[in-house]
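I would like the entire structure built from these sequences, with the hints used as guidance.
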Amino acid sequence: MSDLLSNNSQQTESVINVNNLSLTFPTSDGDVHALSEIDLTINRGDFVSFIGPSGCGKTTLLRVIADLEQATSGSIDVNGMTPHEARLARAYGYVFQAASLYPWRTISKNVALPLEIMGLDAAVIRERVRKNMELVDLAGFEKKYPWQLSGGMQQRASIARALAVEPDLLLMDEPFGALDEIVRDHLNEQLLKLWAQTNKTVVFVTHSIPEAVYLSNRIVVMSPRPGRIHDVIESNLPRDRELSIRETPEFLTLANRVRDGLRAGHSYDEVA
Amino acid sequence: MKKSAFFPIVVVVAAIVLLWYVFTVVMNLAWEKSVAERAGTTPSFTTMVSNTMQQERPVLPAPHQVVEEIINTTFKKKITSKRSLIYHAQITLSSSMLGFLMGTLLGIVLAVAIVYNEALNKSLMPWIIASQTIPILAIAPMIIVVLNAIGVQGLLPKAFISMYLSFFPIVVGMVKGLNSPERSHLDLMHTYNASAVQTFFKLRLPTSLPYLFTSMKIAVAISLVGAIVAELPTGAVAGLGARLLAGSYYGQTIQIWSALVVASILAATLVMLVGLVGEWVNRRMGLAQSNSSGGTL
Numbered sequence: 001m002s003d004l005l006s007n008n009s010q011q012t013e014s015v016i017n018v019n020n021l022s023l024t025f026p027t028s029d030g031d032v033h034a035l036s037e038i039d040l041t042i043n044r045g046d047f048v049s050f051i052g053p054s055g056c057g058k059t060t061l062l063r064v065i066a067d068l069e070q071a072t073s074g075s076i077d078v079n080g081m082t083p084h085e086a087r088l089a090r091a092y093g094y095v096f097q098a099a100s101l102y103p104w105r106t107i108s109k110n111v112a113l114p115l116e117i118m119g120l121d122a123a124v125i126r127e128r129v130r131k132n133m134e135l136v137d138l139a140g141f142e143k144k145y146p147w148q149l150s151g152g153m154q155q156r157a158s159i160a161r162a163l164a165v166e167p168d169l170l171l172m173d174e175p176f177g178a179l180d181e182i183v184r185d186h187l188n189e190q191l192l193k194l195w196a197q198t199n200k201t202v203v204f205v206t207h208s209i210p211e212a213v214y215l216s217n218r219i220v221v222m223s224p225r226p227g228r229i230h231d232v233i234e235s236n237l238p239r240d241r242e243l244s245i246r247e248t249p250e251f252l253t254l255a256n257r258v259r260d261g262l263r264a265g266h267s268y269d270e271v272a
Numbered sequence: 001m002k003k004s005a006f007f008p009i010v011v012v013v014a015a016i017v018l019l020w021y022v023f024t025v026v027m028n029l030a031w032e033k034s035v036a037e038r039a040g041t042t043p044s045f046t047t048m049v050s051n052t053m054q055q056e057r058p059v060l061p062a063p064h065q066v067v068e069e070i071i072n073t074t075f076k077k078k079i080t081s082k083r084s085l086i087y088h089a090q091i092t093l094s095s096s097m098l099g100f101l102m103g104t105l106l107g108i109v110l111a112v113a114i115v116y117n118e119a120l121n122k123s124l125m126p127w128i129i130a131s132q133t134i135p136i137l138a139i140a141p142m143i144i145v146v147l148n149a150i151g152v153q154g155l156l157p158k159a160f161i162s163m164y165l166s167f168f169p170i171v172v173g174m175v176k177g178l179n180s181p182e183r184s185h186l187d188l189m190h191t192y193n194a195s196a197v198q199t200f201f202k203l204r205l206p207t208s209l210p211y212l213f214t215s216m217k218i219a220v221a222i223s224l225v226g227a228i229v230a231e232l233p234t235g236a237v238a239g240l241g242a243r244l245l246a247g248s249y250y251g252q253t254i255q256i257w258s259a260l261v262v263a264s265i266l267a268a269t270l271v272m273l274v275g276l277v278g279e280w281v282n283r284r285m286g287l288a289q290s291n292s293s294g295g296t297l
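Sequences listed follow chains H and U, in order. So in this note's numbering, spot 94 of the first sequence is number 94, and the numbers just go up one at a time. So in this note's numbering, spot 259 of the second sequence is number 259, and the numbers just go up one at a time.
Mixed in with the good hints there might be a few duds.
A few chain H residues that don't get close to chain U, going by computed Cβ distances all over 12 Å [what the hints assert, rightly or not]:
#1 Thr41
#2 Pro114
#3 Met153
#4 Asp173
The calculated lysine-lysine pairs, modelled on PhoX-like cross-linking and capped at a C-alpha distance of 25 Å, are [said to hold, decoys possible]:
#5 Lys122/U <-> Lys77/U
#6 Lys122/U <-> Lys76/U
#7 Lys217/U <-> Lys109/H
#8 Lys202/U <-> Lys131/H
#9 Lys143/H <-> Lys131/H
#10 Lys144/H <-> Lys131/H
#11 Lys144/H <-> Lys109/H
#12 Lys143/H <-> Lys109/H
#13 Lys131/H <-> Lys109/H
#14 Lys143/H <-> Lys202/U
#15 Lys144/H <-> Lys202/U
#16 Lys202/U <-> Lys176/U
Taking beta-carbon pairs under 8 Å as the criterion, some of the chain H residues facing chain U (in silico) [what the hints assert, rightly or not]:
#17 Phe25
#18 Arg44
#19 Ala91
#20 Ala98
The hints are simulated quantities; they were obtained by calculation from the structure and are not laboratory data. Predicted, not measured: the structure shown is a model, and the values here were computed from it. Note that beta-carbon positions come from the ideal geometry of N, C-alpha and C, so glycine has one too.
So, in structure tokens, the structure goes:
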């Protein structure tokens, strides 16, 4: 109970502030408004999902937070810094859609990669690799190469690699999108446990409604052309959840609200 | 794979040898006819055909004559003898290996410069391409003479010509290889705030290695060609090129052909060795996913 209280007190502190942010890609066919007038605050310890159809800018928004894309106008700060400063301070871990492991490195060497770049001591690296591979349940696979592992295990390795940096903020871009349903369920469960254990702030991009509702305490529904936020849904589900929660009326109510939001976004598409 | 490949290989080799014999007869028959005419004899057709394969200076020597000459000038001669093909091959080999190493290094350095600097890409690439449009036979004597004038002699001028030919495939392959990391692999480095040097050694270089070895296979073969060509215009006294030259002075076609065959065996061996090293490196890098890469060559 005291845990819950401390979580609540932490949630008042914001980690990411987005104000009136827009991003336009110039193309030969004219400008593409990838993001338009985005306002969003993400608090410490939040698990926030961006959900929406393709082209709604959910990945672009995540990449702006990570300083992999730059906003055209508006402001954003991450941990009180610009995204650029936050990236230089290695304030976040990023998990890509594909596991993106380097094929010539063993799994443990892949997890060690960011630590080598940070120039940490060999002993520290060894300890962090061990700890994080254990955390994602990959102990014993240190010497394997990526191609020797299943897709789900590869993605777990890439999560361990992101966690090894020990960031407070985890940015995940459809990390389980390419995996089958069973593996995805399993990894969702593990990710929630991880979130509970480490109390990190997670920003998670997905196009799966059950995944978004199951994982998040806030769901940001986005719509395309121009990419914008359609709805922000607060979840009242308990932080500690089992997969079976997906059968409860509360879960289905939330899922329906997300679905309605997505539909409304799509109808805009048909009018245009 | 090994077993099923055996039969086709034997068939192809047999077909080539057979075709060679056919051409030997066709091309050497005229000489046999004129010999018979001058002697006023009329030998039977089969005698004439068998004679075409035993001429001393045939237009095209028969395969067994070339094999015999190679055996005579390799196993049956001392390696230090001027008549030993091994002696000549080793001279050509050493300058082409030196040129190959220099060409590989130069190629890698140029590729790195081109990949990391857009201005160098625009300014260097036209010159690199232009360098390869000049026939090497035209430029080889000049390089030898110029280098000789500034006191560079021996192995180095020949190695220079090998380098001149072999750096090109390395540049092209390495530029492609260094630019081949996936977007997400590069983004990853970006999120770690990795320096350019770190990105090079931890990502771009390992990604480029398969490209490097493919280029090196081409480079090693043409560096041998470069060394042989370099021996031609200089009146070299030793080397496979010198053997070719001497053979053509004295109409020793068998000698020419045996030097050619030895040169091609040498080239094939070198390409195979580079391929083996490439595979070994691939295995060391954990990239050897069974049967994913085709043949060894």
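Taking the hints in turn, this is what the structure says about them:
| no. | hint | in the structure |
| --- | --- | --- |
| 1 | Thr41 | holds, 23 Å |
| 2 | Pro114 | violated, 5 Å |
| 3 | Met153 | holds, 16 Å |
| 4 | Asp173 | violated, 9 Å |
| 5 | Lys122/U <-> Lys77/U | violated, 54 Å |
| 6 | Lys122/U <-> Lys76/U | violated, 55 Å |
| 7 | Lys217/U <-> Lys109/H | violated, 30 Å |
| 8 | Lys202/U <-> Lys131/H | holds, 23 Å |
| 9 | Lys143/H <-> Lys131/H | holds, 15 Å |
| 10 | Lys144/H <-> Lys131/H | holds, 17 Å |
| 11 | Lys144/H <-> Lys109/H | holds, 10 Å |
| 12 | Lys143/H <-> Lys109/H | holds, 8 Å |
| 13 | Lys131/H <-> Lys109/H | holds, 14 Å |
| 14 | Lys143/H <-> Lys202/U | holds, 18 Å |
| 15 | Lys144/H <-> Lys202/U | holds, 19 Å |
| 16 | Lys202/U <-> Lys176/U | holds, 17 Å |
| 17 | Phe25 | violated, 15 Å |
| 18 | Arg44 | violated, 20 Å |
| 19 | Ala91 | violated, 10 Å |
| 20 | Ala98 | holds, 6 Å |
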